[in-house]
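K.L.:
This is what each chain is made of:
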Amino acid sequence: MNAHYLARKLAQAFVTIVAILVLNFLMFRMMPGSPDRVLKNPNLTPEMIAATRARWGLDKPLIPDQLIAYVKATVSGDLGYSIFYRGQPVTDVLGATVGPTILLVGLGEVFAIIGGLAIGAYAGWRRGGKTDSIGTGASLILYSMPYFVIGMPLVVIFAAGLGWFPTSGMTTPGMSDQPLLNQAWDLGRHLVLPLLAVTLGLLGGYSILMRSSIIDTRNEDYITTARAKGLKDSWVLRHHAFPNAMLPMVTLIAINLGYVVAGAITAEIVFNWPGLGTLTIHALSARDYPVLQGIFLLVAVSVVIANLIADIVYGFLDPRVRA
Amino acid sequence: MTPATAPPAAAPGIQRRSGSAGRARLFVGRFLSRSDGRYGLLILAFFAVLALFPDLLVGKLETATTATGQSLQPPGGGYLFGTDELGRDILNLTVHGARISMAIGLMATVITVVLGALVGIVAGYVGGPTDTVLMRVSDFFLVLPTIVLAIILAPIILDIVGADAELFGIRATMIVIIVVIGLTSWATTARVIRSQVLSVKMRMFVDRARVVGSGPGRIMRRHVLPNVVNLIVAQAVLTFATAVFTETTLAFIGLGDPFAPSWGQILNSAQGAGAPGLGAWWYIAPPAICVVLVVLAFTLVGNALDDILNPRSGARR
Amino acid sequence: MRLSMGVKGVRPVAALLLAASLLLPAAGPVAAAGPVVLTVGTTQDLDSTNPFNTYLVSGYEVFQLTYDLLTNFSLDTSPGPGFADTWVRSPDKVTYHIRDGMKWSDGKPATSKDVCYSWGLAMAAIADGANIGAGYLDPNVKDAGVTKIECPDASTFVAYTTDQSDRIFQVYVPILPEHVYGKVDYKKMADEKFNAPLVGTGPYTLAEWKTGQFARFVRNPNYWGQQGFEDQVVIRFFPDNADAMFQALKNGELDYAHGVNPDQFKQLQADPLYKTDAGKANGWTQLAFNTYGTGTGKTIPNGGPSTKALLDPAFRDALGYAVDKPTLVARVLGGFGDPGTTIVPPVLSDWHVDPTTPRTFDIELAKSKLDAAGYKLDASGSRLDKEGKPIKLRLYAPDSEAAYAKSAEFVKDWYGQLGIVVSTQILTSAALGELVLPPPDGTAKYDIELWGWAGNPDPNALLQIFRCDAIGGTSDSQYCNPDYDKLYDQQLKESGAQRKATLAQMQNLIYDQAPYDVLYYDANLDVHRTDRFAGWQNMPATGTPMFTYGDLVYTLLTDATIAPSPSPVPSEASATPAASASASASASAAVSSTAPATPAPSAATGTTSGGGSSNLLLGGLVLVLVVVVVGGLVVSRRRRTTAAGEDE
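So the sequences go chain by chain: S, G and Y.
Read in order, the letters of the first sequence correspond to residues 0 to 322 in numbering that gives the first Met the number 0.
Read in order, the letters of the second sequence correspond to residues 0 to 316 in numbering that gives the first Met the number 0.
Read in order, the letters of the third sequence correspond to residues 0 to 647 in numbering that gives the first Met the number 0.
In short, the hints are calculated from the structure, not lab data.
Any given hint could turn out to be false.
These stretches of chain Y come out as covered by chain G in the derived footprint (C-beta under 8 Å, 3 or more residues) [unchecked claim]: (1) 186-195; (2) 248-262.
With a cut-off of at most 25 Å between alpha-carbon atoms, the simulated SDA-like pairs for lysine to any residue come out as follows [unchecked claim]: (3) Lys129(S) - Phe30(G); (4) Lys92(Y) - Ala123(Y); (5) Lys391(Y) - Leu60(G).
Have a look at the derived ranges for each label pair, beta carbon to beta carbon [stated by the list, open to error]: (6) Ile311(S) - Leu56(G): 49 to 59 Å; (7) Pro128(G) - Ser381(Y): 52 to 62 Å; (8) Ala44(G) - Arg126(S): 22 to 32 Å; (9) Pro225(G) - Ile311(S): 35 to 45 Å; (10) Ser301(S) - Ser422(Y): 37 to 47 Å.
A quick note: this is a predicted structure, and the numbers were derived from the prediction, not measured.
Beta carbons: idealized from backbone N, C-alpha and C, even for Gly.
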């Protein structure tokens with residue numbers, strides 16, 4: 000991989016991020032529905048409404064004043080102040096939710112990749128066999144199920160029904176006073192069901208892709224050669240087919256990240272998981288412009304960076320890709 | 000959930016040249032001989048009937064005022080799937096939901112495929128700076144997290160279009176969802192079709208004789224398009240699956256129209272009424288199972304179509 | 000590192016971990032016998048811990064645990080001991096006695112200085128014609144007609160007012176510690192961060208706030224009043240997720256759930272483990288008609304009501320006969336609520352009157368009234384207005400409650416039977432609030448707004464919506480009637496039977512003119528367990544124990560597992576002036592003997608999102624893990640290509 004390729008990719012990523020910034024700003028400012036009337040209260044006065052609008056800079060002209068102010072602030076790390084949470088910095092509000100989402104989604108991805116690779120590889124290698132039918136069938140069904148369709152029965156059966164796990168939330172209040180081990184245990188208990196839902200939701204797609212990839216690889220000449228040489232089947236799968244079939248997976252994992260974070264929104268709703276997803280819905284209904292801008296920015300930029308990393312990794316792996 | 004490119008994009012293969020009638024029969028035969036094609040088609044046919052004739056099957060859509068049952072009755076006593084919190088028959092709601100969910104999916108697919116194919120063909124054929132620009136734009140849309148974008152775009156468009164707007168009898172809220180799904184899914188289709196067009200273009204230079212004297216529009220229509228149609232069809236079916244999936248998710252989040260209950264909207268109402276906690280599984284299971292079945296069916300059919308229409312070298316199906 | 004080993008190695012470990020977590024769900028390292036925690040659930044998220052910034056019921060519930068008002072509310076919502084233990088009312092002022100020996104939770108003495116500071120904020124704002132923060136609390140002081148305040152000595156506070164109503168005892172200004180906030184003037188108060196832990200004189204002080212999740216309170220060791228059994232209070236937020244809250248309640252994670260829906264309520268009514276309370280809410284849900292232009296003839300270009308019929312009281316009155324309110328209560332509210340009548344909710348029994356000429360549900364009568372008023376049907380069955388246009392009404396409702404959409408469907412159907420087409424749309428609360436604004440802020444492009452209001456113990460708050468000067472502010476019917484305004488100003492100066500008579504006039508005026516059709520008075524559906532805490536009381540008797548006015552009930556709870564002893568009835572000062580000093584003395588006597596077991600709140604959380612950083616750390620670790628795994632796979636893949644062709 001040469002420096003030219005790297006430079007190009009970096010430049011593209013930068014341009015995309017700038018475009019995201021501008022788009023972000025424009026989109027939200029277009030939304031009518033001023034946030035200070037979310038809840039009707041008899042004590043509102045017209046002066047008070049005007050003062051609130053002034054405080055949040057909503058009465059200046061859109062372009063260029065608000066846009067310039069936005070860009071300057073964002074670049075210096077100031078994402079504004081939440082409207083619903085009455086002036087808490089957006090970075091604080093987001094910061095509290097980013098961790099839970101990364102935890103849930105990150106672990107979900109890890110388990111889904113591992114499980115999907117395994118199932119897909121074995122199903123594809125033994126095409127037409129029982130492993131294939133069961134594995135592929137299950138994968139297809141899971142692939143067709145939205146996260147919440149997986150999540151809701153989990154809650155009903157294992158949490159509300161059998162009582163094995165808490166029904167919602169991420170921690171039990173008051174845990175921060177307890178020793179670390181207790182805290183970890185508490186977190187783990189709350190994590191199991193949402194994690195299961197996210198993992199299962201992702202598993203199907205990876206499994207299917209891996210299967211096709213293995214099938215393609217299987218028909219390659221060098222595999223036929225290896226098998227003809229008398230090498231054990233499972234060995235050939237693990238040492239020849241699998242690594243080569245992994246290549247498309249790498250790019251898919253990165254591309255998926257955007258969808259995953261977004262799709263996990265519904266999983267978070269079902270389990271009341273205090274992450275970005277729950278915050279997004281909440282901020283939307285409260286028309287909390289700054290928070291929505293912050294979320295979108297965060298997710299979009301993360302995806303751009305993830306894709307950039309994928310491009311770089313791909314560049315390492317496949318010297319042919321330098322288009 | 001991965002976008003409509005799973006399974007991996009097809010590489011061009013060898014086209015069999017036989018008579019068109021023979022080709023059609025061959026196609027149908029090959030399609031039905033596959034188990035995934037068979038089952039998928041069967042499921043789709045079932046739901047098509049539901050979507051086309053809901054009034055014949057279960058009567059008009061029940062509303063709060065015409066509901067006759069008690070709140071949250073379990074299945075039985077004349078209600079196959081029980082009732083919701085307003086006493087409406089869930090069988091009635093689910094069957095009507097088929098029409099709404101599928102209609103939204105269909106229209107979103109049309110927008111996605113038309114836009115994606117247009118961009119893909121033009122970008123692939125014309126090449127050069129047009130291609131670069133179009134691809135940058137589509138890359139941008141590819142990279143954007145679509146559901147987050149959808150959540151944000153939907154209310155904006157709604158407020159701009161206006162609350163009461165109705166286009167061909169379709170409520171504005173439904174139009175918004177359709178447009179939003181289309182806007183956020185076209186990029187994948189465009190990319191896939193563009194790769195195909197690129198390889199078709201390479202082959203075409205061998206056929207210089209036929210191409211001489213034709214304008215680019217004509218070439219694109221008469222030479223490029225037929226070679227890409229197969230891929231478009233396969234992509235369309237897969238996009239349909241994604242569209243239904245996305246609509247369900249958006250409606251569940253609360254961006255649907257409470258007066259036009261698609262399956263996702265029914266699930267949203269179920270969650271809002273506390274059905275999981277109350278143990279009202281009959282409120283959740285029918286729409287959920289329907290969504291899964293329809294998405295599954297479209298995926299199966301799309302896979303089958305993709306395999307048949309876009310055979311890859313060396314792979315015997 | 001071989002790829003095969005990597006994959007093989009990770010999978011069994013992962014499986015083992017999953018299996019382990021599944022097999023040992025409820026067990027685990029058991030915490031030592033911890034503090035007694037009362038866990039309360041609500042579907043409304045908390046927006047701010049700054050009392051002057053919060054718009055929401057949850058915000059009020061939160062700040063009243065930490066801070067006292069000058070006079071708190073008793074069980075019957077009459078004034079009771081708060082920061083002040085007794086008071087004397089004179090014709091021109093009220094003299095409060097600040098409790099002797101009272102301390103803040105940090106040990107500093109609590110005196111009248113703190114009251115002069117806190118009420119002083121409001122007085123300064125009023126003098127400047129400004130507001131503090133959200134502007135919800137300081138108007139209470141203005142409403143009570145307070146002209147001057149002074150603190151002659153450390154235990155006396157005097158508020159000068161000639162207004163003889165009870166409004167001064169319903170002032171929601173929390174008494175803040177002057178030694179903490181003394182330097183903050185009213186202009187800066189809105190920006191002040193009320194980060195946990197807080198210092199207060201209330202029974203429980205805020206120890207931790209995890210945004211969007213919960214707020215935790217610990218016992219105030221220096222509390223002057225009766226102590227509840229619980230050492231800590233946790234209020235858990237389930238924003239827009241009534242299902243999760245209900246499941247948490249049934250799973251034993253909550254002791255109290257505020258705002259369940261009718262089906263959930265009914266399921267628990269029969270269960271002896273739970274006590275269900277359908278509290279009569281101080282508020283209503285209404286159809287607000289856009290009457291912009293009545294009397295003035297003004298119109299809004301590309302806005303305003305779609306037909307002049309809406310400006311005609313006879314038209315609106317006729318529509319009122321087409322709404323079956325008992326059916327709405329039965330079908331939409333599951334039976335929990337009352338059919339709507341006048342704009343003073345019946346729960347305010349001192350001031351509510353029933354209309355003298357009530358309307359009944361009678362479609363045929365509605366039709367004939369419409370005909371008589373000049374709105375006839377045309378050949379195709381559409382109702383025409385006096386300009387000959389078919390009447391098409393645009394109805395908007397917010398998405399904050401499912402009940403709104405359902406009521407809208409019913410209204411659409413009933414009006415349809417009159418030949419009036421209703422198009423319905425659900426908007427978010429923010430968008431709806433913007434939609435109903437007239438010029439200069441908006442175009443008021445709507446015909447009917449279906450929404451609701453919640454009021455204060457004094458009916459003023461709800462009555463002022465119909466004033467002419469409320470247009471552009473709280474008015475969503477754009478109603479303007481000088482006669483109404485005159486009556487309003489009049490009742491401000493009255494009290495007792497005289498005031499009730501004026502209020503009766505006002506209620507009937509609005510009822511007959513019908514800028515609003517009050518659909519129903521919703522009920523607050525709350526549920527609590529009975530096996531952990533006892534001593535629950537409703538405030539008022541027709542209400543619910545919590546999320547009402549003040550947090551008195553938190554201090555009344557006892558241990559339900561021990562044999563019930565008659566819970567000490569909190570001796571409350573009566574509504575009449577010159578209450579005795581002995582009342583609060585006996586209450587505080589019960590406190591001194593029990594040393595609270597909970598240590599002071601841990602030093603860990605000093606910010607509102609204290610746990611956020613550790614979560615971020617965890618998330619970061621996971622991310623590193625992911626990168627390592629993927630990187631490892633990739634690296635081994637590279638090695639693989641260089642070793643291609645080798646025999647193993």
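K.L.:
Hinted pair, alpha-carbon criterion (25 Å max): lysine 391(Y), leucine 60(G). Please report holds or violated.
P.N.:
23 Å, holds
K.L.:
Could you see if the CB distance from proline 225(G) to isoleucine 311(S) stays within 35 to 45 Å?
P.N.:
39 Å, holds
K.L.:
Taking only the CA atoms, is the gap from lysine 92(Y) to alanine 123(Y) under or equal to 25 Å?
P.N.:
19 Å, holds
K.L.:
Okay, the segment 186-195 of chain Y and chain G, do three or more residues pass the C-beta test at under 8 Å?
P.N.:
Three-residue rule not met by the segment 186-195 of chain Y, so violated; n is 0.
K.L.:
Next pair to validate is lysine 129(S) with phenylalanine 30(G); report whether the Cα-Cα distance is within 25 Å.
P.N.:
22 Å, holds
K.L.:
Does the hinted range 22 to 32 Å hold for alanine 44(G) and arginine 126(S) at CB?
P.N.:
Holds, at about 28 Å.
K.L.:
Please test the hint of 49 to 59 Å on the beta carbon pair from isoleucine 311(S) and leucine 56(G).
P.N.:
55 Å, holds
K.L.:
For the hint 52 to 62 Å, verify it against the beta carbon of proline 128(G) and that of serine 381(Y).
P.N.:
57 Å, holds
K.L.:
Tell me if the beta carbons of serine 301(S) and serine 422(Y) are separated by a distance inside 37 to 47 Å.
P.N.:
41 Å, holds
K.L.:
Please check whether the segment 248-262 of chain Y has three or more residues whose CB lies within less than 8 Å of a CB on chain G.
P.N.:
holds (count 5)
Taken one by one, the earlier hints fail for this structure only at number 1.
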